Amino acid sequence: MGTVSFAANAVDEKDLLPVDQAFAFEAKATSRDAIALTWHVAPGYYLYRHRTKIQSADFTGAALQMPPGKHKRDEFFGDVETYRTLLEAKVVGTPAPDARSVTLKVMYQGCADVGVCYPPQTRSVQVALPSTVGGLLGAPAPAGPLQFGVAKGEPLPETQAFHIEAIANGGNALLVRFAPAPGYYLYRDKTQLSFDGEGISLRAPEWPPGKQHRDEHFGDVVVYFDPVDVNVPVQRSHARAVDGTLRVTFQGCQDGGICYPLMTRSLPVSLPAGEVSSAKVDDTSALAEDQRLAQSLGGKHRAWALVLFFAYGLGLAFTPCVLPMVPILSGLIAGRGERVGAWRGFSLSTVYVLASAVVFTIAGILAGLLGAAANLQAWMQNVWVLSAFALLFVVLSLSMFGLYELQLPAALRARLGAASDRQRGGSWVGVAAMGALSALIVGPCVAPPLMGAVLYIAQARDPIFGGAALFLLALGMGAPLIAFGIAAGRGMPTSGPWMLAVQRVFGFVFLGLAIWMLSRVLPAAWTLALWGLLALGAATWAFTLGSRPGSKMAARFAGLVLAIVGAAQLLGAFAGSHDPLRPLAGLRAVREEAIAFKRIKSVEDLDREIAAANAAGKPLMLDFYADWCVSCKEMEKYVFTQPKVHAALRDYVLLQADVTANDAQDQALMQRFGIIGPPMSLFFRDGEERRGLRLTGFEEADKFVERAQRGAAP
Numbered sequence: 001m002g003t004v005s006f007a008a009n010a011v012d013e014k015d016l017l018p019v020d021q022a023f024a025f026e027a028k029a030t031s032r033d034a035i036a037l038t039w040h041v042a043p044g045y046y047l048y049r050h051r052t053k054i055q056s057a058d059f060t061g062a063a064l065q066m067p068p069g070k071h072k073r074d075e076f077f078g079d080v081e082t083y084r085t086l087l088e089a090k091v092v093g094t095p096a097p098d099a100r101s102v103t104l105k106v107m108y109q110g111c112a113d114v115g116v117c118y119p120p121q122t123r124s125v126q127v128a129l130p131s132t133v134g135g136l137l138g139a140p141a142p143a144g145p146l147q148f149g150v151a152k153g154e155p156l157p158e159t160q161a162f163h164i165e166a167i168a169n170g171g172n173a174l175l176v177r178f179a180p181a182p183g184y185y186l187y188r189d190k191t192q193l194s195f196d197g198e199g200i201s202l203r204a205p206e207w208p209p210g211k212q213h214r215d216e217h218f219g220d221v222v223v224y225f226d227p228v229d230v231n232v233p234v235q236r237s238h239a240r241a242v243d244g245t246l247r248v249t250f251q252g253c254q255d256g257g258i259c260y261p262l263m264t265r266s267l268p269v270s271l272p273a274g275e276v277s278s279a280k281v282d283d284t285s286a287l288a289e290d291q292r293l294a295q296s297l298g299g300k301h302r303a304w305a306l307v308l309f310f311a312y313g314l315g316l317a318f319t320p321c322v323l324p325m326v327p328i329l330s331g332l333i334a335g336r337g338e339r340v341g342a343w344r345g346f347s348l349s350t351v352y353v354l355a356s357a358v359v360f361t362i363a364g365i366l367a368g369l370l371g372a373a374a375n376l377q378a379w380m381q382n383v384w385v386l387s388a389f390a391l392l393f394v395v396l397s398l399s400m401f402g403l404y405e406l407q408l409p410a411a412l413r414a415r416l417g418a419a420s421d422r423q424r425g426g427s428w429v430g431v432a433a434m435g436a437l438s439a440l441i442v443g444p445c446v447a448p449p450l451m452g453a454v455l456y457i458a459q460a461r462d463p464i465f466g467g468a469a470l471f472l473l474a475l476g477m478g479a480p481l482i483a484f485g486i487a488a489g490r491g492m493p494t495s496g497p498w499m500l501a502v503q504r505v506f507g508f509v510f511l512g513l514a515i516w517m518l519s520r521v522l523p524a525a526w527t528l529a530l531w532g533l534l535a536l537g538a539a540t541w542a543f544t545l546g547s548r549p550g551s552k553m554a555a556r557f558a559g560l561v562l563a564i565v566g567a568a569q570l571l572g573a574f575a576g577s578h579d580p581l582r583p584l585a586g587l588r589a590v591r592e593e594a595i596a597f598k599r600i601k602s603v604e605d606l607d608r609e610i611a612a613a614n615a616a617g618k619p620l621m622l623d624f625y626a627d628w629c630v631s632c633k634e635m636e637k638y639v640f641t642q643p644k645v646h647a648a649l650r651d652y653v654l655l656q657a658d659v660t661a662n663d664a665q666d667q668a669l670m671q672r673f674g675i676i677g678p679p680m681s682l683f684f685r686d687g688e689e690r691r692g693l694r695l696t697g698f699e700e701a702d703k704f705v706e707r708a709q710r711g712a713a714p
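Residue numbers (the numbering used here): 1 to 714.
Since the hints were derived computationally from the structure, they do not count as laboratory data.
Take the hints with a grain of salt, since some may be wrong.
As the list claims (entries may be wrong) - For lysine-lysine, the following DSS-like pairs were computed, each having C-alpha atoms within a straight-line distance of at most 30 Å:
1) LYS601 with LYS211
2) LYS53 with LYS70
3) LYS644 with LYS703
4) LYS211 with LYS28
5) LYS601 with LYS644
6) LYS53 with LYS72
7) LYS703 with LYS211
8) LYS190 with LYS53
9) LYS28 with LYS70
10) LYS105 with LYS53
11) LYS644 with LYS190
12) LYS190 with LYS90
13) LYS28 with LYS190
14) LYS90 with LYS53
15) LYS105 with LYS70
Keep in mind the model is a prediction, meaning the values are calculated, not measured.
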């Protein structure tokens with residue numbers, strides 16, 4: 001019988017039944033794809049559900065189906081399920097077409113009520129299969145393990161199609177059971193777990209092998225057609241018992257039918273006292289920042305989460321996503337040359353920020369509910385929209401230079417003048433329209449707070465609370481703009497020569513914004529040349545201004561600096577430089593080399609590269625990039641050119657998905673990972689993404705090196 005574990009008050013071993021009498025086991029095939037397992041449990045004994053498992057090398061896709069057990073508070077394993085008297089389970093799978101039998105390895109463990117537990121038992125049984133003929137008059141075996149004669153009818157409600165339970169598996173693990181209804185399946189890679197309980201976090205779930213499935217929605221994926229038990233190790237900062245909530249986000253489909261949207265279940269779990277985790281959690285199993293922020297929105301302290309999102313918005317206000325809005329707002333406040341005042345500056349900037357926040361929120365909600373295909377910011381980054389918006393800035397700049405009165409016919413001048421007055425005069429409608437357009441076109445940045453809110457909306461299907469988080473994020477981004485608007489309104493000079501000079505300055509600023517917009521679609525050398533021409537034009541105007549009494553020195557000095565910068569930028573453009581701030585870098589003998597990514601386009605390309613990297617035992621990084629993505633350019637310029645980053649990525653297979661076009665293939669690739677847009681860096685090892693290492697937005701080179709090193713670790 002083997003060694004038996006005794007409680008503190010020892011029990012004579014001869015008083016216990018032999019294990020095969022305490023748990024009489026038998027196996028019998030009920031069809032070629034189903035085997036019935038039966039345990040007759042003696043009185044005073046019980047079997048553990050979570051300790052019952054099967055393995056089979058010749059019964060493809062073998063999965064164990066067990067009925068619910070009786071909940072028990074166990075001194076060895078905490079909250080568990082047990083069986084008494086009789087346990088009838090079923091194993092479903094697919095044998096070889098000519099197989100006459102299959103071999104099962106069955107593992108189980110049980111205890112006696114007197115406080116004695118038997119050691120884990122393993123039985124290897126050979127089960128004879130019925131012939132492929134006869135039975136159903138020679139009908140072929142079912143095509144899959146879950147068809148069982150169930151007809152495809154109306155889809156079941158999600159609570160009936162996918163049953164989920166969770167219990168504590170001792171003090172340092174959870175046991176989560178997923179039970180799809182017959183004819184339904186669950187995606188492994190669409191399942192995410194989080195635990196809301198003091199001092200408790202989850203490590204990587206220990207998924208059993210699933211079934212490779214060709215899915216019309218996501219391509220080749222791992223799914224589970226049958227009930228599956230998943231052990232989830234727990235990281236503890238203290239040893240005491242905890243009552244918490246396990247949140248499970250998952251997605252599944254009806255075989256040959258509909259696919260359900262992402263679903264979230266909240267399951268109460270009582271975790272008994274356990275051991276404090278001495279080792280640091282592997283960062284590869286931790287939550288990525290967007291996941292952590294999404295979890296905070298669904299946690300107990302939701303009001304604080306909203307405050308946190310406003311604070312994140314304040315931080316984003318000083319990034320390249322928002323800074324281009326400063327000159328736009330300044331130009332609108334400058335208006336037609338009147339003294340604006342602090343109150344007028346406040347009201348105009350508030351309208352601008354509120355309009356941009358509303359559009360930003362709507363765009364985020366649509367992206368969360370509908371995925372990358374509904375990312376309005378990405379759709380607005382095509383060459384025609386950007387060119388039209390750049391042309392608008394050119395028109396506004398020409399109005400600042402007063403060129404309408406000099407060059408345009410009277411009829412056209414009246415039309416353009418009226419339109420320009422609405423923008424320049426501080427019309428609330430015009431300012432709101434510019435704010436709405438700016439939210440979609442000027443700053444298409446994807447940052448962790450944005451992805452966190454979008455992920456929460458996608459998982460919880462809660463656009464109201466998720467939208468509130470997005471709105472506060474946008475208000476945080478706009479708060480410094482409102483402060484700037486007040487200062488600009490108060491400091492704007494009265495009408496006269498100085499006001500005319502301010503308008504000319506903003507004319508050059510608007511031309512710069514037009515060039516900045518076009519830089520997303522023009523070659524870098526052309527963009528640098530345009531910057532050089534703009535600087536030389538501004539220098540010419542400054543020299544002209546400097547010829548007036550009282551303004552010679554400052555204006556001439558500014559003109560000299562601009563002339564030098566413009567000449568350097570033009571020279572750099574012809575020398576092959578790309579950076580307006582370092583225009584002569586192309587003249588150096590040694591240049592900073594960017595990473596040589598291999599470009600991919602489709603889901604099929606990615607799957608092929610992941611399989612090849614896995615076969616070669618190499619880690620893989622996938623970078624999402626777009627020409628219109630500001631933070632993508634920052635990553636390429638400040639991170640991917642660093643030698644230490646090159647060294648950290650030396651062993652990687654490096655892939656880049658250019659989603660500039662935002663076409664159907666780009667959207668399918670982003671939807672594969674629940675991404676609404678770049679920049680995003682994903683790390684893979686052994687064919688699986690290390691989700692906790694996913695990078696959203698820009699990151700300094702030193703931190704990126706640390707992230708890459710963790711991603712390459714076995």
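Hint by hint, here is what the structure shows:
no.: 1; hint: LYS601 with LYS211; in the structure: holds (26 Å)
no.: 2; hint: LYS53 with LYS70; in the structure: holds (18 Å)
no.: 3; hint: LYS644 with LYS703; in the structure: holds (11 Å)
no.: 4; hint: LYS211 with LYS28; in the structure: holds (24 Å)
no.: 5; hint: LYS601 with LYS644; in the structure: holds (28 Å)
no.: 6; hint: LYS53 with LYS72; in the structure: holds (19 Å)
no.: 7; hint: LYS703 with LYS211; in the structure: violated (37 Å)
no.: 8; hint: LYS190 with LYS53; in the structure: holds (24 Å)
no.: 9; hint: LYS28 with LYS70; in the structure: holds (25 Å)
no.: 10; hint: LYS105 with LYS53; in the structure: holds (8 Å)
no.: 11; hint: LYS644 with LYS190; in the structure: violated (34 Å)
no.: 12; hint: LYS190 with LYS90; in the structure: holds (27 Å)
no.: 13; hint: LYS28 with LYS190; in the structure: violated (35 Å)
no.: 14; hint: LYS90 with LYS53; in the structure: holds (11 Å)
no.: 15; hint: LYS105 with LYS70; in the structure: holds (25 Å)
Checked against the numbered hints listed earlier, the structure breaks hints 7, 11 and 13; every other hint is satisfied.
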